[in-house]
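*Asks:* This is what each chain is made of:
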Amino acid sequence: MRPARWFVLALVALAAACSQPAPQPKQVGSKDISPAYGDAIVEGTIGEASTLIPVLASDAASLAVAGQIYNGLVKYDKDLNIVGDLAESFDIARDGLTITFHLRRGVKWHDNAPFTARDVLYSYRVVIDPKTPTAYAEDFKQVKSITAPDDYTVRVTYGAPYAPALASWGAAILPAHLLEGQDITKSPLARKPVGTGPYRFKEWVAGQKVVLESNHDYFEGRPWIDRYIYRIIPDTSTMYMELKAGAVDLMNLTPVQFARQTTSTRFTARFNKYRYPSSGYVYMGYNLRHPLFTDKRVRQALTAAINKEELIHGVLFGMGQKAVGPIIPGRWAYNPHVKDIAYDPRHAAELLAQAGWREKNSDGILVKDGKPFSFTILTNQGNQQRLLTAQIVQQRLRFVGIDVRIRVVEWATFLKEFVDKGNFQVVMLGWNTSQDPDMYDIWHSSKTNPGELNFIGYKNAEVDRLLVEGRSTFDIEKRKKAYFRIQDILADEQPYTFLYVPDALPVVSSRIRGVKPAPAGIGYNQIHWYVPKAEQVY
Amino acid sequence: MATYLLKRILMLIPLMLGITLITFTVVHLAPGEPVEMQMAMNPKVGKEARERLRKFYGLDRPLHVQYADWVGKLVRLDLGRSFSPDNRPVTAKIRERLPITLSLNIIALLLEFGLAIPIGIMAATHRDTWLDKGITVFVFIGFAVPTFWLALLLMYLFGVKLGWLPISGLHTLGSDSYGIPRYLWDMAKHLVMPIMVASFGSLAGMSRYMRSSMLNVIGQDYITTARAKGLPERVVIYKHALRNALLPLITLAGFSIPGLIGGSVIFESIYSIPGMGQLFYQSVMSRDYPVVMGILIIGALLTLIGNLVADVCYALADPRIRHGGGAQ
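Taken in sequence, the protein lines are chains A and B.
Position 244 (the first sequence) corresponds to 1023 in the numbering used here; numbering is contiguous.
Position 254 (the second sequence) corresponds to 589 in the numbering used here; numbering is contiguous.
Hints may contain errors.
[As the list claims (entries may be wrong)] In silico DSSO-like pairs for lysine-lysine, Cα to Cα no more than 27 Å straight-line:
1) A:K965 <-> B:K390
2) A:K1226 <-> B:K390
3) B:K496 <-> A:K965
4) A:K1260 <-> A:K1238
5) A:K910 <-> B:K382
6) A:K1259 <-> A:K1118
7) A:K920 <-> B:K382
8) A:K920 <-> B:K390
9) A:K1226 <-> A:K1195
10) B:K382 <-> A:K1195
11) A:K1226 <-> B:K382
12) A:K923 <-> B:K390
13) A:K857 <-> A:K1075
14) A:K923 <-> B:K342
15) A:K1195 <-> B:K390
16) A:K910 <-> B:K408
17) A:K920 <-> A:K1238
18) B:K496 <-> A:K1200
19) A:K1150 <-> A:K923
20) A:K1238 <-> B:K496
21) A:K1052 <-> B:K496
22) A:K1200 <-> B:K390
23) A:K910 <-> A:K1195
24) A:K965 <-> B:K382
Don't read these hints as lab results, they were simulated from the structure.
Nothing here was measured: the structure is a model prediction, and the numbers come from that model.
Sequences are here, hints too, so could you generate the full structure?
*Replies:* This is the structure in structure tokens:
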């Protein structure tokens, strides 16, 4: 999967801030480093936003910018709990069918119109409107009814308890007074958005930059930094040089930049580097319809033959951790007791022998019924990490007598000709996961049709049942039980070989203070970031 | 002459129609659809959402209907709306990127000719000396060095180490508040490196061309005559030889005109220049049909016009073409 496609909520959460006491003024020596208003932060971004109406956008760049401008009803706080955002608080009825949001009073849109329940109702209606070309209708289709008893209360009722529902209300709330009765796809808000967020839109120079200005009336307080500028720099090497030259303050480093090129004291004096697990994992997915991979022992053997530690060191320069299942380590749904299949080529050989792969031909390749054990790993073009991973895997599998070829295909072709048609043996891909552990679409046996996401064709009745169980209760203990068990089953069946979780590696200019890494990353408290008066440059 | 011109212009119509057909077919033959590119691999997207988007872009209609619709709009000079989430008119997208690509390419082209001609002459007049060999090595280094590598080295040297030039982009942040002279100076500084890199690579071809053309002319009888008359070498080379030697180069310049609206993806990406190259590349990658076809059609039209202008010029120069049919 391409980077950052579906954690809208995470992005919204990153952009918004959590309520935290303002930083205390500090004196170090004679230099005054107390918080001060002013200055600007320049973030380098590879892609340009396409539209700033988030319901229409599906790319990370658009959602990142929109996240500064809009708010949802709820958001994730720094520890990844769901808390109110535009909703001051919310109650979930005991049966899990009704959620009541109590909206904040006195919130104003950037054009000074008041924010009310009307905006929430509009945002719901537009996302489920069949004429709106949006990717986000699915969660809202589960809604049975939505009412606004008064201007500051919204009550949503579901047909069945649906756990991802609450988080889905982190989606941006749009200004009804500017959009109602208009064709949203032709709205000028796409290039000139009006939101409720900490930053308001100022200017967008196509292909160059998007400039945002701080919202002095923001309901959580005025951000210290006056301007937030996204500079579009499509090449990461160029961006890195701009960083070194001081023209970019914030970017994501590549593992090699993090590990090798940014270690000098000259660099570390000017920049702070942060490192925490990203929300994605890279995996090798086996086409379970293919006769080679129907036997569980074969898949287990393939996992045992791959040295995940080696991949992390070789590909990520150590900037990552082993993946053993579909849940990122550290999340509440992560099962720390999953039985991992350790790297052990001898064990792999035994498993293969049990599955009937005993003899080797003159090239040292395993043979069964006259056929050599040989397959192709398919991966998408433009992702160097996956290609390197595939090459190391190829080497490792050769040691146990499996002949692996690698084929790199351009993304559109990859999807259309191979994945959608089930025309592959093994794919090397990655998933970006949302904070909510629901993974129905990836593992449920009803999602194996062409174009759906269980493209490897995984079918397991118990997993099906647990997936439904996990998403239809708000009781976290019950959900935990379901997802823990799913992870145990997947670890045993190995429909994927889960490879690694790369780290997110942001770097921020050290003149920007108040950055506090937390499980949610660094972006959650951006309104509390500041530059001391003496160090301001813009 | 008028009938010739009219005939040529009328010929353009079927040609253009053929081009639209080929463009449309080729673009739609590429695997994948804009809808997939926006929504594939997204667990939150159901089948219905994809169908919705296909319908929104009109991709659910039969191909010939889509083609007729597109050509119909094209005739009214409407290139349609982009198939990316912004859904903006294609003309608006092209218009905001064209000026920078055009000006960069024109400056680079002038610089290439401005450098390649003297270099070529120098190499020709000093044939087989150390100077000639040195020039050859230099221009071929330019030809062989990968653009992105050279660009990064220059950036590091001038941008990071020396701090003389800005690294990428077109303007310094905050340059909007500068006065006009300072604003232009700022922009010029941003363009130095990209133009340098863009011209360096094509120097080799052009100067080699000039050299061989010059050598060809120098070997001819009328040059020997000029020398025999006792004319000074300067006059022989720059007055008599150069004019004739320049002719093939002018043809070459004519060929580069349609190329002026095209940009190089690599070099635009490295220097963060929001030009046509990036727009085209991104459109192809996201299967944004209207934008891809729009750019291709404009390119094709310019090529046709370029050819027409060249032919008309030939006709003006050569009566045989004008009267349509050799030396009858």
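*Asks:* Now, for every hint given, state plainly whether the structure supports it.
*Replies:* Status of the hints after comparison with the structure:
Taken as a hint, the K965 (chain A) and K390 (chain B) pair is honoured in the structure, with Cα atoms around 16 Å apart against an allowance of 27 Å. Between K1226 (chain A) and K390 (chain B) the CA atoms are separated by roughly 23 Å; this keeps the pair inside 27 Å, and the hint holds. This hinted pair does not check out: K496 (chain B) and K965 (chain A) have alpha carbons roughly 47 Å apart, beyond 27 Å. Distance check on the hinted pair: K1260 (chain A) and K1238 (chain A) sit about 20 Å apart at the alpha-carbon level, within 27 Å; holds.
At roughly 15 Å between alpha-carbon atoms, K910 (chain A) and K382 (chain B) fall within 27 Å of each other, so this suggested pair holds. A C-alpha spacing of about 17 Å is found between K1259 (chain A) and K1118 (chain A), which places the hinted pair at or below 27 Å, so the restraint holds. Simply put, K920 (chain A) and K382 (chain B) have alpha-carbon atoms about 13 Å apart, close enough for the 27 Å limit, and the pair holds. At roughly 19 Å between alpha-carbon atoms, K920 (chain A) and K390 (chain B) fall within 27 Å of each other, so this suggested pair holds.
For the hint linking K1226 (chain A) to K1195 (chain A), the alpha-carbon distance of about 17 Å falls within 27 Å, and the restraint holds. For the suggested pair K382 (chain B) and K1195 (chain A), the alpha carbons sit about 15 Å apart, so the restraint of at most 27 Å is met. Using a Cα cut-off of 27 Å, the hinted pair K1226 (chain A) and K382 (chain B) holds, with the two alpha carbons roughly 11 Å apart. Note on K923 (chain A) and K390 (chain B): the hinted pairing holds, with a Cα-Cα distance of about 26 Å set against a maximum of 27 Å.
With a C-alpha separation of about 40 Å, the suggested pair K857 (chain A) and K1075 (chain A) falls outside the 27 Å cut-off, and the hint is violated. With a CA separation close to 68 Å, the supplied pair K923 (chain A) and K342 (chain B) exceeds the 27 Å bound. Proposed proximity of K1195 (chain A) and K390 (chain B) is supported: the alpha carbons are some 19 Å apart, at most 27 Å. The suggested pairing of K910 (chain A) with K408 (chain B) holds, with an alpha-carbon distance near 23 Å, which does not exceed 27 Å.
A C-alpha spacing of about 26 Å is found between K920 (chain A) and K1238 (chain A), which places the hinted pair at or below 27 Å, so the restraint holds. A C-alpha spacing of about 52 Å is found between K496 (chain B) and K1200 (chain A), which places the hinted pair above 27 Å, so the restraint is violated. Between K1150 (chain A) and K923 (chain A) the alpha-carbon distance is near 55 Å, which puts this suggested pair outside the 27 Å criterion. Restraint check for K1238 (chain A) and K496 (chain B): not satisfied, since their Cα atoms lie roughly 58 Å apart, outside the 27 Å limit.
For the given pair, K1052 (chain A) sits about 22 Å from K496 (chain B) by alpha-carbon distance, which is consistent with the 27 Å threshold. Distance restraint check for K1200 (chain A) and K390 (chain B): the Cα-Cα separation of roughly 22 Å lies within the 27 Å cut-off, and the hinted pair is therefore satisfied. The straight-line distance between the Cα atoms of K910 (chain A) and K1195 (chain A) is roughly 25 Å, inside the 27 Å bound, and the hint therefore holds. A C-alpha spacing of about 24 Å is found between K965 (chain A) and K382 (chain B), which places the hinted pair at or below 27 Å, so the restraint holds.
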